[in-house]
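Heads up: the protein sequence lines correspond to chains Y and E, in order.
Quick note: the first sequence uses the numbering used here, first residue 4, plus one each step.
Quick note: the second sequence uses the numbering used here, first residue 2, plus one each step.
Think of the hints as simulated: they come from the structure by calculation, not from any bench.
Small disclaimer: the values here were computed from a predicted structure and weren't measured.
Honestly, I wouldn't trust all of these hints.
To be verified - Derived Cβ-Cβ restraints for the label pairs, each shown as a range:
| hint | chain 1 | residue 1 | chain 2 | residue 2 | range |
| --- | --- | --- | --- | --- | --- |
| 1 | Y | R146 | E | V80 | 42 to 52 Å |
| 2 | E | F94 | Y | V244 | 33 to 43 Å |
| 3 | Y | L63 | E | A10 | 44 to 54 Å |
| 4 | Y | K144 | E | S81 | 18 to 28 Å |
| 5 | E | H61 | Y | G271 | 37 to 47 Å |
| 6 | E | H61 | Y | W275 | 20 to 30 Å |
| 7 | E | F94 | Y | L63 | 14 to 24 Å |
| 8 | Y | L115 | E | L79 | 35 to 45 Å |
| 9 | E | L22 | Y | W275 | 39 to 49 Å |
| 10 | E | V80 | Y | K144 | 45 to 55 Å |
| 11 | Y | P138 | E | D31 | 19 to 29 Å |
| 12 | E | D31 | Y | P207 | 26 to 36 Å |
Here a beta-carbon is modelled for each residue, glycine too, at the ideal position from N, C-alpha and C.
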Amino acid sequence: MSSNRQQIFLDQWKDDAPLSVRFASYCRACYGRHMLTWTSDATAPRSTWFLRGARAAFSLPGLILVSSFIGFAALAKDAGVTVAQAAFMTGTVWALPSMVVLVGAIGSGAALPAAMFAVTLSAIRLMPMVMALAPEMRTGKTRRCVLYLLAHFVAVTSWVLAMERLKRVPPQMRTTYYAGLGGTLVTTNVIVVTVVYAVADALPSAVSAALLMLTPMYFLTSLWGSARERAGHVAMVLGLVLGPVFHIVLPQIDLLVAGLIGGTVAYGLQLWRRKVRAA
Amino acid sequence: MFILIAGFAATDIWRFLGVYLGGKLSEDSDLLVLVRTMATALVAAVIGNLIVFPGGALAHTSLGVRIGAAALGFGAYLVSGKRMVVGIAIAEFLLLAGLYLNF
């Protein structure tokens, strides 16, 4: 990261800027502007903007995402999930942490309500992301059902890319652009999961081990980066420790308990610190 | 069916709610902060379990190598100015190095 970008990032981070601005500035600081910039020619037809959105999927964040779906395919196979289930999950759930939670639940034979509750909790972070993105795409003429449809594509990578690039897309073309971007990311990764699942057995064990390590490392770095307040970092450290601890103590509901306790403690610390600062 | 209910419904409800609430609810509200910290801790617990209790080929590596590779990779990510590629690459390199050196 260049020192200039870093400085801009730090300034915006400290500010009381809206969270979406701070997060977007963080994303810029991480990924930079490595994509070519095009002139925002408002006259280009809709199909051109769809293709430009699709092309944005082939970028560094897109590549990192593909590598983590490679890791997911290895993980799913290892947990006894079938290739059809893994591909179906990729297309319908489309949120890697939730998918890993779901695979874990299927692997450990958890009951439907417990699995659903854990997945629900892991997917909550999608809501504020959609809340930040939807106004960017909405124009007076946008139909709501289009937004609901596009919201399905929202996950960390497509969100990061969209928040960075939609500004350079004419407002009435933004939904089309995002459809191209999100649709390409989902389709590509469904194919990646299917192919990797098929060849996973033929891989040497060192490669399989490396693939299985991709998912936790991708989460570790992206989760730390996307935490908006210090409480998020505290919650993350607590979760890292509490997860394995409760895996031994309460194997059936380990994730839920770790999430509820870690999250509440981190939130409590934040409240306490705010009170101390105010006093 | 299990995937549809526990996976699809459980994730997309938040996306739909996001569109519905877009702009109506402040991202800074205390309730959302609590909800976010809980979600963060839950996903962190997933990470912890994937590293401490892995499956498949990763289970044949030693716990020390996995934790060391993840910790140093994460350190490299922080030092490099939060570049994910650096963190992931360092962790993978250390894991493979550990495997070949038979730690």
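Legend entry - Range agreement (Cβ of K144/Y with Cβ of V80/E, hint 45 to 55 Å): holds (48 Å)
Inset, instruction - Return holds or violated for the Cβ distance of D31/E and P207/Y against the range 26 to 36 Å. - result: 50 Å Cβ-Cβ, so the 26 to 36 Å window is violated.
Legend entry - 35 to 45 Å as the expected CB spacing between L79/E and L115/Y, which holds or is violated: holds (39 Å)
Inset, instruction - Starting from the range 42 to 52 Å, see whether the pair R146/Y and V80/E falls in it by beta-carbon distance. - result: With a Cβ separation near 47 Å, R146/Y and V80/E satisfy 42 to 52 Å, so the hint holds.
Legend entry - Whether the CB-CB distance between L22/E and W275/Y falls inside 39 to 49 Å: violated (28 Å)
Legend entry - Distance restraint hint 33 to 43 Å, applied to the beta-carbon atoms of F94/E and V244/Y: For F94/E and V244/Y the Cβ distance comes to about 25 Å; the hint is violated.
Legend entry - Satisfaction of the hinted span 20 to 30 Å by the C-beta atoms belonging to H61/E and W275/Y: violated (44 Å)
Inset, instruction - Note whether the CB distance of L63/Y and A10/E lies within 44 to 54 Å or breaks it. - result: violated (32 Å)
Legend entry - Range agreement (Cβ of S81/E with Cβ of K144/Y, hint 18 to 28 Å): Given about 44 Å between the Cβ atoms, the range is violated.
Legend entry - Hint check for D31/E and P138/Y - Cβ pair distance inside 19 to 29 Å: This hint holds: roughly 22 Å between Cβ atoms.
Legend entry - H61/E versus G271/Y beta-carbon gap, inside 37 to 47 Å or not: holds (40 Å)
Inset, instruction - Determine whether the Cβ-Cβ distance between F94/E and L63/Y falls within the hinted range of 14 to 24 Å. - result: Given about 19 Å between the Cβ atoms, the range holds.
Consistency with the previously given hints fails for numbers 2, 3, 4, 6, 9, 12, ordered from lowest to highest.
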